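Peer 1: In case you want the letters, here they are:
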Amino acid sequence: MTLDFADFYREAKDECLRTVVISTGDQEQAQDLVAEAFARACASWRQVSRHPNPKAWVVRTALNVRIDRWRIRRRELPLTPPMDTVMRDQDPADPAVIAAVRRLPERQRQVVALRLLLDLDTETTAETLGISPGTVKAHLSRAVAALREALDLKEQIS
Amino acid sequence: MNDTDLSTLLRDAVRDTHMSVPESDITRRAGTLRARRWVVVGGAASVGIAAALAVVALTAPAAPPVTSQNTMSQLTAWTVATHPNGVIDVTIRELKDPAGLQARLRADGLPASVTFSKDTSPACHDYYPGHPMPKTSVSMSSMSDGIFTETADETGGVAVAINPDHLPSDAGVQFQVYPERTITSHGVKEHTFVDEWGLVDKSPACTGLPA
Numbered sequence: 000m001t002l003d004f005a006d007f008y009r010e011a012k013d014e015c016l017r018t019v020v021i022s023t024g025d026q027e028q029a030q031d032l033v034a035e036a037f038a039r040a041c042a043s044w045r046q047v048s049r050h051p052n053p054k055a056w057v058v059r060t061a062l063n064v065r066i067d068r069w070r071i072r073r074r075e076l077p078l079t080p081p082m083d084t085v086m087r088d089q090d091p092a093d094p095a096v097i098a099a100v101r102r103l104p105e106r107q108r109q110v111v112a113l114r115l116l117l118d119l120d121t122e123t124t125a126e127t128l129g130i131s132p133g134t135v136k137a138h139l140s141r142a143v144a145a146l147r148e149a150l151d152l153k154e155q156i157s
Numbered sequence: 000m001n002d003t004d005l006s007t008l009l010r011d012a013v014r015d016t017h018m019s020v021p022e023s024d025i026t027r028r029a030g031t032l033r034a035r036r037w038v039v040v041g042g043a044a045s046v047g048i049a050a051a052l053a054v055v056a057l058t059a060p061a062a063p064p065v066t067s068q069n070t071m072s073q074l075t076a077w078t079v080a081t082h083p084n085g086v087i088d089v090t091i092r093e094l095k096d097p098a099g100l101q102a103r104l105r106a107d108g109l110p111a112s113v114t115f116s117k118d119t120s121p122a123c124h125d126y127y128p129g130h131p132m133p134k135t136s137v138s139m140s141s142m143s144d145g146i147f148t149e150t151a152d153e154t155g156g157v158a159v160a161i162n163p164d165h166l167p168s169d170a171g172v173q174f175q176v177y178p179e180r181t182i183t184s185h186g187v188k189e190h191t192f193v194d195e196w197g198l199v200d201k202s203p204a205c206t207g208l209p210a
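Sequences listed follow chains A and B, in order.
Following numbering that gives the first Met the number 0, the numbering of the first sequence begins with 0 at its first residue and continues without gaps.
Following numbering that gives the first Met the number 0, the numbering of the second sequence begins with 0 at its first residue and continues without gaps.
Hints listed in this document are in silico derivations from the structure and should not be mistaken for laboratory results.
The structure displayed is predicted, hence computed values, not measured ones.
Label-pair restraints from in silico Cβ distances:
| no. | chain 1 | residue 1 | chain 2 | residue 2 | range |
| --- | --- | --- | --- | --- | --- |
| 1 | A | Asp118 | B | Asp24 | 22 to 32 Å |
| 2 | B | Asp118 | A | Glu27 | 31 to 41 Å |
| 3 | B | Lys95 | A | Glu105 | 36 to 46 Å |
| 4 | A | Pro94 | B | Pro163 | 52 to 62 Å |
| 5 | B | Ser23 | A | Ala149 | 39 to 49 Å |
| 6 | B | Asp15 | A | Lys136 | 23 to 33 Å |
| 7 | A | Leu2 | B | Asp11 | 27 to 37 Å |
| 8 | B | Thr3 | A | Pro104 | 15 to 25 Å |
| 9 | A | Ser131 | B | Ser19 | 33 to 43 Å |
Over 12 Å on every C-beta distance to chain A, these chain B residues come out as not near it, computed from the model:
| no. | residue |
| --- | --- |
| 10 | Gly85 |
| 11 | Asp96 |
| 12 | Phe115 |
| 13 | Ser120 |
| 14 | Asp169 |
| 15 | Tyr177 |
| 16 | Pro203 |
Each residue gets a CB set at the ideal place from its N, CA and C atoms; glycine is no exception.
Pulled out of the complex, with its shape left as it was, chain A reads as follows (with noise of 0.2 Å):
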């Protein structure tokens, strides 16, 4: 059964742009991201609709997006990357997680933003982003690592 698209909207948009905000670090540029990913899907949704994983599809695309429009930036001006812009949380309820995600290395990031929050498997998540299953195990063991340390510090702390 050929899966709606506006049901897939309605149904995924959250999710992915969870993903993007954890990868991205940027909730205001990760809401415009999504936003291109899934009319980019909405414009092709015959083939995104038969893709393996949807969400990754509008995942990567929008993580795409944001390269290619980072690239253009960089040739305009000398901004720094995007691993260092701000998150704009909505009163997000552990900001401590929040931060300790953004101090990790972008593509940890993603890694822990695709297999955690969008619950992809590792082959998945090496061809979401481009990189191999032995990458993303050993971006995401550092990444997990990093993060209990943070918290279970700031457990200790408080």
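Dock chain B against the given chain A, drawing on the hints supplied.
Peer 2: This is chain B only, laid out in the frame that chain A set:
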């Protein structure tokens, strides 16, 4: 703290984050993208361009095409079919004989430029009525609404219906399709094609008919 705890913490941290863009805005933007867009098409590398080309199906033509020799050209690479209401269906299955397709469209009275390569004719200029300075392709696409409609092609070709009634008198159409790159996704090789159509200034050098 195990992975499950960490996953729960992350989910809780962004649980109040919601997509605020209404679906209507998404579909409106998608309509713009359809008029002039990038297409990523899937297919095994070994089956070639024809099977690799695949695009979105939207709506079927309103009227059946006339199938006489005078109004329909049928080639392996592409098909042009003219409906009684004037709408012209163009289906591209293989990137062959762009000059033939261009000549067929022009013979049907449609000012047209067709290229199956990255380079377009230097004689062609994007159509921006009332705007002497070029705007973005997105803006141009929105002006194309009503002229181009993606249609279904069961063989997986690029298919678009053109309504000449909506074409400005000083504009022509431009088709540009070319292979971009091959990527591997989920173990399957996918060919990436750039598939664009839009409006250009009508001129003898670009679209072949008097301006």
